[in-house]
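A.B. asks: Here is how the chains run, residue by residue.
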Amino acid sequence: MLQGIREAIVEVVQAVLPIILIIVVLEIVVLRATPPDLLLFLLGSVMVVLGIALFLSGVKAGLLPIGEAIGSEFSVRGSLALIIAGTFLFGFLTIVAEPNIRVLGEMLDTVTGGGIPSGPLTLVIAVSVGFIVTAGVLRIIFGVPLAYLYAVSYAAVIVLAPFTSPDFLAVAVDAGGITTGLLTIPIILALGTGITSVLAGRSALTDGFGLVGLASLGPILGVMLMGMVYS
Amino acid sequence: MILELFEGMDQVFLEVAQALLPLLIFFGVFQVALLKLPRVYVMNLGRGILVAFLGMVLFLQGVNVAFLPAGREIGEAITAFGHLWLLIPLGFLLGFVATYAEPAVRVLGYQVAESSSGYIKESLIVYTLSFAVAISVSLGMARLVYGIPLLYILIPGYSLVIILLFLTDPEFAGIAFDSGGVATGPMAVTFLLSLAVGVAAGIEGRNPVIDGFGLIALIALAPILSVLALGILYRGTRGEE
Numbered sequence: 089m090l091q092g093i094r095e096a097i098v099e100v101v102q103a104v105l106p107i108i109l110i111i112v113v114l115e116i117v118v119l120r121a122t123p124p125d126l127l128l129f130l131l132g133s134v135m136v137v138l139g140i141a142l143f144l145s146g147v148k149a150g151l152l153p154i155g156e157a158i159g160s161e162f163s164v165r166g167s168l169a170l171i172i173a174g175t176f177l178f179g180f181l182t183i184v185a186e187p188n189i190r191v192l193g194e195m196l197d198t199v200t201g202g203g204i205p206s207g208p209l210t211l212v213i214a215v216s217v218g219f220i221v222t223a224g225v226l227r228i229i230f231g232v233p234l235a236y237l238y239a240v241s242y243a244a245v246i247v248l249a250p251f252t253s254p255d256f257l258a259v260a261v262d263a264g265g266i267t268t269g270l271l272t273i274p275i276i277l278a279l280g281t282g283i284t285s286v287l288a289g290r291s292a293l294t295d296g297f298g299l300v301g302l303a304s305l306g307p308i309l310g311v312m313l314m315g316m317v318y319s
Numbered sequence: 504m505i506l507e508l509f510e511g512m513d514q515v516f517l518e519v520a521q522a523l524l525p526l527l528i529f530f531g532v533f534q535v536a537l538l539k540l541p542r543v544y545v546m547n548l549g550r551g552i553l554v555a556f557l558g559m560v561l562f563l564q565g566v567n568v569a570f571l572p573a574g575r576e577i578g579e580a581i582t583a584f585g586h587l588w589l590l591i592p593l594g595f596l597l598g599f600v601a602t603y604a605e606p607a608v609r610v611l612g613y614q615v616a617e618s619s620s621g622y623i624k625e626s627l628i629v630y631t632l633s634f635a636v637a638i639s640v641s642l643g644m645a646r647l648v649y650g651i652p653l654l655y656i657l658i659p660g661y662s663l664v665i666i667l668l669f670l671t672d673p674e675f676a677g678i679a680f681d682s683g684g685v686a687t688g689p690m691a692v693t694f695l696l697s698l699a700v701g702v703a704a705g706i707e708g709r710n711p712v713i714d715g716f717g718l719i720a721l722i723a724l725a726p727i728l729s730v731l732a733l734g735i736l737y738r739g740t741r742g743e744e
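Quick mapping for you: the protein sequence lines, in order, are chains A and B. Following the working numbering, the numbering of the first sequence begins with 89 at its first residue and continues without gaps. Following the working numbering, the numbering of the second sequence begins with 504 at its first residue and continues without gaps.
By construction, these hints were calculated from the structure, which means they are not laboratory data. Treat the hints with care, since some could be wrong.
Here are some of the chain B residues that sit facing chain A, going by a computed Cβ distance under 10 Å [stated by the list, open to error]:
(1) GLY511
(2) ILE528
(3) TRP588
(4) ALA604
(5) TYR622
(6) LEU736
All of these numbers come straight from a predicted model, not from anything done at the bench. Ideal Cβ placement from N, Cα and C applies to all residues, glycine included.
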């Protein structure tokens, strides 16, 4: 893995250098930043580079294999009850533990003046992620085209959006972005490719992807529906 | 200043640990009950998780102390400068480089390249998403400056998603939707959002909380559309062969 980390650092420096350079130029030209400020930014950037390099190596060595192992185990066992219970629980738990949900709760307080407690919000988001990711896994197993699932979900968003209050719409769309955290993405990605790798006649590209997108679409619908119930 | 660099890091540490915990429990139960992978292999996985954990703490801390304040200050400074249209090209530039640096985008690119045996290159995914987010951020800035309601952009955008979905190569559909999820990673959400909040704070009649969210919605939408479009192009080239 050390070799991997060393290679990752080179790759990450290439990836992060453009944004660092542009910010440094803007700091000097627009903000007229002092040398200590610039130094703080550069030290922070070094942390970012090191952090991403470690993260990416760790993802390849730890998180992706775990997701793939669980995904292929699901398919090998072939027990629908296990797949449904396992996937739902997985989606539910990762959301309950997601730190950003708290930020979302605070935002909800601000926009609604504290009328809606954040406990139910977390529950709604966790259930909708558990539910929609399970639907996504089942569609891989039964070979339902991804397009149907997404077309129906997006149509529902389009129909519901004009009837949702702007505050709830704000929280709904943000909830979609927040649920796909850095730790969950690799596992969910690998879960999909793991499941397809074992099933016969499935393409890793056509069938293995799409779960992360569902995980960010589910909360949008869930929170919109919650908004309609509350208002 | 060294103290400033590590300010709040204990909080970041706790938050990442909290997010990691259910994954560990879930895997633990699976390993004991069903998977029963060999011990050495599990130790290697554990090391990988530990490295990913440390990396994530360092990365988030670095973003919080360096990129978050920079985004807000740049947003405020440009708004105070007066020529608001400047925000549109600047948003394009910053949207591009922020996504180019986003680690989750790399993970998706890697996974796509692996699954397609190199048929779809990692760099293709990275450039497509960076370009898409660049467009979303400049659109988001235009929306902030001229006060365009979000739904006027979102509803046509979502409708276009449904149309393109049936025209694109099925191999690209799943990747397209996952792209929307990975583009809204920490770089985008922390840096670009704080840029938008800085701008909204400087323009009269804008609510930073409400107007900030519109940006996330756009950042999630444009990558979906652009990868679906990429799939149509791929289908076209394959048809000619």
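A.B. asks: Now tell me, hint by hint, if it's right for this structure.
C.D. replies: Hints, one by one, checked against the model:
Annotation: GLY511 of chain B was flagged as interfacial toward chain A, and the flag is violated, the nearest CB pair being 12 Å apart, outside 10 Å. Given the 10 Å rule on beta carbons, the hint for ILE528 of chain B holds: about 8 Å separates it from the nearest Cβ of chain A. The interface hint given for TRP588 of chain B is broken, as the beta carbon of that residue sits about 16 Å from the closest beta carbon of chain A, more than 10 Å. At its closest, the beta carbon of ALA604 of chain B sits 4 Å from a beta carbon of chain A; the interface hint therefore holds under the 10 Å criterion.
Evaluation of the TYR622 of chain B hint against chain A yields a held restraint, the C-beta minimum of about 8 Å falling below 10 Å. The interface hint given for LEU736 of chain B is violated, since its Cβ lies 16 Å from the closest Cβ of chain A, which is over the 10 Å cut-off.
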